[in-house]
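Required output: the full structure, derived from the provided sequences and hints.
Chains as they are written, first to last, in this note's numbering: chain R, 1 to 696; chain A, 1 to 696.
These aren't lab readings, by the way, just hints derived from the structure by calculation.
It is possible that some hints are incorrect.
It does not matter which identical chain is meant; a pair holds if it fits inside one copy or across any two.
Straight-line distance between alpha carbons at most 27 Å, and here's what the computed DSSO-like set of lysine-lysine pairs gives [to be verified]:
#  : residue 1 : residue 2
1  : 38        : 78
2  : 56        : 136
3  : 474       : 136
4  : 78        : 56
5  : 177       : 152
6  : 670       : 360
7  : 152       : 395
8  : 136       : 581
9  : 204       : 360
10 : 671       : 360
11 : 360       : 654
12 : 671       : 78
13 : 671       : 136
14 : 78        : 201
15 : 136       : 152
16 : 38        : 184
17 : 670       : 399
Number of protein chains: 2
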Amino acid sequence: MNVQDFVQKALTHQKEPKEYEKGGKLLSKPSAGSSWTKVSCPCCFSERVEPLVLVKLGGKVGPETKRWLIKVIGAPQKDGGAALLAHPGEDASGDIIVVSAPRCTLLRAAEELGLCKTYRSGDMEAFSYNDRDNFKDSGVFLTLAERQYIVKYELDGLRVQRDLRIPGLPESRMLQKRDNIWQKLSSAGVVVDTFPLHNRKKLKDLGEAWYSGNQLAQPLDSVNDYFGSAVAFYFSFLDFYTWSLLTPAILGLAISYFSVAFFSSEVKKEMVDSVSGSKVIINDDDSGPMISGHMLQAMFSMIWSTVFMELWKRRSSSLSYRWGTMNLAERFAEPRPNFYGDLGVNPVTGRVEPLFPEWKRDLRMVLVSVPVVGLFLGLVVLGMMCFYWGEAQVKQLHKDWNSLLSQALLYIPSVLHIVYTNMLGNVYRNVAQSLTEYENHREESAFENHLTAKILVFTFFNNFAVLFHIAFFKQDVPLLRKRLASLLIVSQLVNQVTEVVIPFLVDRFISAPHRTESEDDPKEDKFRNQRTLPVFPGLFAEYIELLVQFGYLSLFSCVYPLTAVLLLINNITEIRSDAYKICNLFRKPFSPPVANMGVWQVAFEVLSFVSVISNCWLLLLSPRLQELCREGGLSSTNVLLLAVFGEHVLILIKFIMAALIPDEPDWIRKKRDQMEYTSMQALKEQVNAISTDFIV
Amino acid sequence: MNVQDFVQKALTHQKEPKEYEKGGKLLSKPSAGSSWTKVSCPCCFSERVEPLVLVKLGGKVGPETKRWLIKVIGAPQKDGGAALLAHPGEDASGDIIVVSAPRCTLLRAAEELGLCKTYRSGDMEAFSYNDRDNFKDSGVFLTLAERQYIVKYELDGLRVQRDLRIPGLPESRMLQKRDNIWQKLSSAGVVVDTFPLHNRKKLKDLGEAWYSGNQLAQPLDSVNDYFGSAVAFYFSFLDFYTWSLLTPAILGLAISYFSVAFFSSEVKKEMVDSVSGSKVIINDDDSGPMISGHMLQAMFSMIWSTVFMELWKRRSSSLSYRWGTMNLAERFAEPRPNFYGDLGVNPVTGRVEPLFPEWKRDLRMVLVSVPVVGLFLGLVVLGMMCFYWGEAQVKQLHKDWNSLLSQALLYIPSVLHIVYTNMLGNVYRNVAQSLTEYENHREESAFENHLTAKILVFTFFNNFAVLFHIAFFKQDVPLLRKRLASLLIVSQLVNQVTEVVIPFLVDRFISAPHRTESEDDPKEDKFRNQRTLPVFPGLFAEYIELLVQFGYLSLFSCVYPLTAVLLLINNITEIRSDAYKICNLFRKPFSPPVANMGVWQVAFEVLSFVSVISNCWLLLLSPRLQELCREGGLSSTNVLLLAVFGEHVLILIKFIMAALIPDEPDWIRKKRDQMEYTSMQALKEQVNAISTDFIV
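Quick look at the structure:
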């Protein structure tokens, strides 16, 4: 009692203005009833409480409901609370609750999540609450992103211990035992929003190190601190990918430069071919090099995409070690809030929680999800076919009529196709969400991965179907080249504009005037203002942009050697614009700790695999090779057989290369072994201790 | 001292004849100086000592050397001994030492090896010496194979603690610190042989349950008990594979039966084609079914080989759980005896041992092993080409001369080729051994796997090069069919004869007369007699036979539907003959605990992958399909394109199927999670205990 009073006092009486401004840690007006809830253990006493998360309540929520909610947030976990700290904002009737977390809750959750931290020995070790004193700087060592995620984790995990009526709400909103409180409150409109708060000072420092100057390297560790590992992995990958583009860019430039004379004549020839529609080669130019740039680029692409992915895997595992996410224990933690199932004892952890059999989920995936996704992919193909059919019809019509009306009609198929594709995309997104929800994944990451995979397959199909069609059915290299170049230039311009310029303008001239902040504003208003920012849309769009880029590069770049150069230029600006965007234009997102890029890693690997096939094929279409074959007197069937054989050999080489380059650097593997060995030893020692106890 | 004397007494004075005969556990004549060494801890006192391993000494080994060796074997591990029990045989000057192991040594080694045993709760848990009382039947629960392997493991691990001269050996044989004792003794001719002893009674029971009756199921658990998990995995796989052959066998019979009329006409037609050398089809028979047996079988083979491998993986992981080898800790144990490197502290376990950097090994593999293996594969191809060239030359010669001499000459290329292939094979085996030794693997299993992989690639190449040549270059289906049928029938007959009949005859009529045992023979002589049996040649030949079979079936069976039937008949006898062989015709082998089939698993998977490609190709060669295409007016290039497309889709389907069928059954995954969770918890608890200690 004494200690708690003391803490309470310390918390409420710290009010030198200097402190507020410097650290931004305390709320300003500690009037009656508006102070932090009490911490439940003496060790968590701290002079300054850092506001981490803002909970926005619905307009009609009465003060008794708010008081109850604050009590639940502040209650210890054994009483069914979240063991966090809550602050009611300016007064008890306001519509926000500011939430923070005491040290003990943070550390216990860090252990539960399986975060690794620097041990006394300098190595990363799985954090253990009981051993906290042996970890370096155990007081402040959780990053801001981790602290905020833990608050969300605890709030999401709140469950009712016995049937309960929430004060101020009608009878119909009764909570049943084991109901998820936060979910119920959200659906009842009591909680409208829960989002992490920006820390202006840290954000300013981060921005300066990240996108303000001319620096080449990104401050990835600080990004991880501030935005969490999911965002940091995206930027690390972007970084790694951009630097890796240097080699193909240089090669592309060299090919374009050295073979410009030969190349231009070749292109001219092809143009003539494609325009005339015939495939007769005018054999006037026989002085070209044995291996054309096309072939060189195709072979290089295959090797590059494999080596790039293998090296990234190594980099990724080093980063995961560095950021302490290599040993996440998500599958031992509580299931995600939306997970449902019959209550039972988890056979692994022994805790009572909803259980859902694996085979049921598999069945749902195979019998429901796969066919539905296949259906939508079929609809994409159908749309493409209708588009081609319509175009042919309209062209025919235009030929027959040749009027202004028929000229206008020419645009109709494209417009219809674009509308159709967009509608399909929107419907599909909702369907994918419902399907993944229906699959009922236990872990948040599994849910995310399955959802991403579904949308990914569709988007990929949407983006590449046309190019594949041109390359493999029409077999029209010049058209492919034209299409690729225009896609690269147009889509990148459009992306940059829609992603950065428009949000920036909106932010500056439309939203910002409503959000003018002055130094004198109470903290609460500053917090509330963050709600006017749009919600961060997630990294999906960013990743898919990279994936499509990578696809252009690894699948088709041999027909247009400047692809890598264009991408390199684009990405160097992309790094800065993405950084600016996430820092300034959106609310701070919650970011769970992750150990890698998840399903994106797989997507890139699949692409790098497909690139072997694609490049083999494009190599076969290479005009120079076809010429050589014709000269050598090989029949087209034999050439094709050779190509198939070559493709299989190349795929084999790719597999061998992927197997030979270890996925983890040697030192990471050793550390991992060491961790395993330590926990194995611990198991034995523990048993030893118990048996000694018995003897004693 | 008191306890040890008592144990000693108990060991030497137990001499009721009944006991000897019943358990076969005690040596017969405990004369002066010929008794078991003393156990070093009171808990290991046992009334009966079971002879496990026989060490055969060289003829010129003096009694003082033998005494020294017995002392080393019996000394506790802290004094540099093996903590085993040794018995000098009939007297101190005899040339054998019988070795056994006390309970404590066995249990500690079981923990070190990471064996799992049934815990009190009924689950398998990693065995822990300190927790031994909580494991079921902890007194006798190590299997015979495990006990014998542990004896070998301890003997192999003996290292000199300080420079030492072995009594009775010349100065030149001085042992330096950290020298491996057993290795040095073997090279000095002191130890000639170390092999595990058969247990006649257990062997008789096993044989009765295994191959004597008409039983369908094999007693796999008993096999694992007696021969160890490596042998048990082989027989389990053989079992699983044989039962899996039922489906393709039934299909093959059905195809042969229903389409016998159509088929025979087709075959006849093909014969005509191949004899006349032309590819003109006499279009007299158009009433065949749309899909021929050939096509059906090809498609079935692809699916079957995938499903079979996936299901076997699940079965394999269940077996590994059942036999307690799912959690082996080989990489934390001592390195294998031949491993060399600079002495240093192992960063994982903290023990002082030789260290050898990973990158050096990788470098050796890439720069030395891969090119050398490639060279030998090249020599195989060269041999094949020379053979074809020689055959053509000789045929030409015979045509020109047409004499008896030239008739005889016809056989020369084949004979030369066989001699060449055999010589190459022998040279290669030695080269592979040296290469793998040079790669310097730390773990025994890694060494075995790399050695097996090297020989495997070569043998596979040797076996299938000709068939692939016929199928893909000559494109001659009837020849392929003939070749396959003759290979299947001849090679199986030859195998059965060389593997079983000859050893059986040799054993019965040549070796056995020298080995007549009577009940009155002293135990020592019975032990010594086991040395007259040949050494068990390992499972390599058995596995390669299965692999080649599996290759015939999955790669080429569509051209000869009865393949599966022949293989099924062969394998049913193979199970019995292999069982008989390993029980009766050879010495008992040492068998380290293993968690799966190791590199063989990979080999079978690669084959099942190649089978997709091969079947696609053979499908394309199918006479019925070619006819259909010709009718449909498709050009051969287009057909080929379709086939390539189909192949890629099928490979995709195969990958998806392999990904969708989990490698482990659900319950195994749960158990594994549980074990991980327990050891994670233990790590925390241990730290907790330590911190509490500090507080106390």
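Are any of the numbered hints broken by this structure? If so, which, sorted upward? Violated hints: 2, 3, 7, 8, 9, 12, 14 and 17; rest satisfied.
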